[in-house]
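Undergrad: Protein sequence lines, in the order shown, are assigned to chains V and P.
In terms of my numbering, the first sequence is numbered consecutively and its last residue is 239.
In terms of my numbering, the second sequence is numbered consecutively and its last residue is 623.
These are calculated hints, taken from the structure and not from any lab test.
Only a predicted model underlies this, so the values are computations on that prediction, with no experimental measurement involved.
Incorrect hints may have been included.
[As the list claims (entries may be wrong)] If you want the ones that stay clear, here's a sample from chain P, every Cβ over 10 Å from chain V, calculated: (1) E248; (2) E278; (3) T337; (4) N405; (5) R412; (6) I466; (7) S491; (8) G494; (9) V516; (10) L526; (11) Q531; (12) L535; (13) A546; (14) E577; (15) I593.
[As the list claims (entries may be wrong)] Taking beta-carbon pairs under 8 Å as the criterion, some of the chain V residues facing chain P (in silico): (16) L51; (17) L58; (18) F92.
For each residue, glycine too, the CB sits at the ideal point set by N, CA and C.
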Amino acid sequence: MTPVIETHAVTKIYQTGHLTVKAVDQISITINQGEFVGLVGPSGSGKTTMLAMLAALLKPTDGTVFIDQHNLAEMNEAEQVEFRRKKIGFTFQTNNLLPYLTVRENVEFMLRLNNQYNLETRQKALDLLIRLGLEDRLDNLPNQISGGQRQRVSIARSLIHDPAVVLADEPTANLDTERAYQVTKLFADLIHEQNKAGIMVTHDLRMCRYVDKIIQLEDGRIASILDTRQAIEELVSCA
Amino acid sequence: MSYYLAVKEVWRNKGRFFLFSLVIALITTLVLFIAALAEGLAAANKQYLEKLDADLIVFQKNVDLSANASRIGRSKVNDIRRIEGVSDVGQIGFSNATIVFPDNREPLDVSIIGIEPDKPGAPPVTSGNNLQLDRGSDILIDANVVNRTGIKIGDIIRIKSIQGTNEEYYELRVVGTTDGQQYLYQPSVFIPYRTWDQIRPQASSNPSLVELTSNVVAVKLLENLDIETMREQIATQVDGIEVADIRTSYESLPGYRVQQSTLNTQQFFTLLIGILVIGGFFQIQMLQKIPQIGVLKAIGASNRTIAAAVIFQIIFVTTLGVLIGCLVTFGLALGIPENVPIMFLGNSVAIAIIALLLIGPIGGLVSVRLAISVEPLIALGLSA
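Kindly generate the complete structure, drawing on both the sequences and the hints.
TA: And the structure:
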């Protein structure tokens, strides 16, 4: 198993006036290729901050982050932008898609951004969208499809450019339970099939049914790591 | 990539961007009409002086370069002619008269300009014959008179002038036409200087002047002489005169500077309003797009890509607006009556269009700055 995400004692402190908030405190984790991890915890536990640091969107106050064996701290801003473009796939909670691009164009946009846009990759995008059940929606704009469909488009966009890591920030927050399960299962299946490392931030433990590992955060620290099927099932069934 | 984003967004929001292009089109029409009005009014005032085939104009001293107030006697004209470097001189007299018609046509007020045939001050003849010294009842008319009255070469026209308290009528034969030669907002007619001296309105019907005087004297210099040096030289060598180059002369025409500065100010403020309107539109649009920009940056779009997309959009919308505005202006200009002083000249139209094309990017700079400053963290609902 190759580690794709490694953090060593990562800490993030926010300073607001005289107020100091330790959002993330000494977190060390390792996530391997083909592993789908649920990062869970209550509001304010530091999970989104952690995700932002893994995505090179936020610099840790202390500690190091390695993604695909690249130390993010050693990159300048332009390198970080390029790194995000090439190595990371993103799914957000809202405002995920560009409203003026169709379903197909939104997915192909990542190919264009990475100079990978050609007949072969276009076909790959089409296949992925068909796989996600969006073959009838290819030419629709985001406001013409449902929330679940939008999240599926977003998942396709996060995977199409062959990133090392896929990060999802509350991807099911705006979906009903049934659609949320569908989206999470699809996400997990694709991550496993394509052998990516995936992290899904969620406050809804039920959505962790399909993950391989659950990292629970509390007050910026790791409260527990569950990495056996039985432990995960137990936690999910209690939710 | 930037172009792709810009075009897709404009195309999928055609209505909104087209409406905004129409706003720019209206601004364009306004700016072009103000520019054309400035040119038209300026031309109506200065056209004759601007086209004068001379290098310098001599005025009487202490009249603030006012041609109407200036009087230059024949003796001074001879003094000027004798100065080394002066090629030729011509006396010019300005006055007003009215062309009247035997039928019920509206009389036409004209500037009646006395010139010395074949001397500086005589306008170029575009068709027909030139004036001659020994043919005192010949007259040249400018293109504006032709356009507004239909008078043609060979016609006998009646000119009404006030002599003392009486209306006097003079019949003159049109021998030729010149191009546009308006002076003081009136079309011009040209007659030999001595005839002009008789026809021009005078307080007394029997003037008894010691010598023949003109209002100003047009001076043509020998080639390759420095105009400014010669201007000073002439002013020094002849007493009681003031010498100005052509530009200074027409800028001293009554109301010229005030009128031009008023119109230029209007044009400037219209452009300024254009900058604010364009800036405001793109700024509001950008504020609405901040979450989108955040997502774009989070997934790896660079500031350069995003800024270029915004600039492409601004240029596209502005260019479309200016293009529509030019077409609207052209259409409207076709229906404007002949006597409205509107003149679309290549230079001023080009300057106005360049300024209009520049106000888009200038106005949009604020929104570009805003786009660059958006943090990708916004995509995750965080802030730096």
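Undergrad: What are the numbers of the hints that this structure violates, sorted from low to high?
TA: 1, 11, 12
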